[in-house]
Every structure is written in C-alpha cells, then in structure tokens.
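Asker: Work out the full structure: start from the sequences and follow the hints.
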Amino acid sequence: RLEFLPPYSPDFSPIENCWSKVKTLIRSISPPTYADLEKGLFSTLCDNFCL
1 RLEFLPPYSP DFSPIENCWS KVKTLIRSIS PPTYADLEKG LFSTLCDNFC
51 L
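Take 1 as the starting number for the sequence shown in UniProt numbering and just add one per residue.
If you are wondering where the hints come from, they were derived from the structure by calculation, not from laboratory data. All C-beta atoms, glycine included, are put in the ideal place defined by N, C-alpha and C. Treat the hints with caution; some may be incorrect.
[Stated by the list, open to error] Have a look at the derived ranges for each label pair, beta carbon to beta carbon:
id: 1; residue 1: D36; residue 2: R1; range: 42 to 50 Å
id: 2; residue 1: K39; residue 2: L2; range: 41 to 49 Å
id: 3; residue 1: R1; residue 2: S28; range: 37 to 45 Å
id: 4; residue 1: P7; residue 2: A35; range: 34 to 42 Å
id: 5; residue 1: S43; residue 2: F12; range: 23 to 31 Å
id: 6; residue 1: P14; residue 2: A35; range: 35 to 43 Å
id: 7; residue 1: S13; residue 2: K39; range: 22 to 30 Å
id: 8; residue 1: L37; residue 2: I15; range: 15 to 23 Å
id: 9; residue 1: F49; residue 2: D11; range: 16 to 24 Å
id: 10; residue 1: N17; residue 2: S43; range: 32 to 40 Å
id: 11; residue 1: P7; residue 2: S43; range: 20 to 28 Å
id: 12; residue 1: L45; residue 2: S9; range: 22 to 30 Å
Answerer: Pasting the structure below:
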C-alpha cells in the first residue's frame with residue numbers, strides 16, 4: 001500500500017524532533033560567543049544523538 005504524504009509534513013519528519021531538542025538544549029546553555037555556541041552545539045549533538 002502506497003501512502004502519499006504532503007510536500008511538507010513536519011509530523012512525519014524525524015529531523016524536526018531533533019532540531020527542536022537541539023534548539024532547547026542550546027537555549028539552556030545560552031552561549032555568549034560563537035566559539036561557545038560551536039562547542040555547545042557539538043557537545044549537545046554528541047551527548048544526545050551519537051551512539
């Protein structure tokens with residue numbers, strides 16, 4: 001059975017849940033500089049999404 005999805009359906013896109021979590025975690029550390037943002041983003045991604 002073939003299911004057609006709308007062109008943009010965030011409910012069916014797993015990456016939308018990922019970005020939501022990343023944005024929440026980055027806001028919680030509120031990095032003051034770009035370098036801190038980069039470190040925070042890297043650690044957030046590795047801590048929560050890497051195996």
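Asker: Hints first: check each against the structure and report whether it holds.
Answerer: Hint-by-hint comparison with the structure:
1. D36 with R1: 42 to 50 Å: holds, 49 Å
2. K39 with L2: 41 to 49 Å: holds, 45 Å
3. R1 with S28: 37 to 45 Å: holds, 42 Å
4. P7 with A35: 34 to 42 Å: Check passed, 38 Å falls within 34 to 42 Å.
5. S43 with F12: 23 to 31 Å: holds, 29 Å
6. P14 with A35: 35 to 43 Å: Given a distance of about 30 Å, which is not inside 35 to 43 Å, the answer is violated.
7. S13 with K39: 22 to 30 Å: Since S13 and K39 have Cβ atoms about 27 Å apart, the given range 22 to 30 Å holds.
8. L37 with I15: 15 to 23 Å: 20 Å Cβ-Cβ, so the 15 to 23 Å window holds.
9. F49 with D11: 16 to 24 Å: holds, 20 Å
10. N17 with S43: 32 to 40 Å: violated, 19 Å
11. P7 with S43: 20 to 28 Å: Because 34 Å falls outside the window, the suggested range is violated.
12. L45 with S9: 22 to 30 Å: holds, 24 Å
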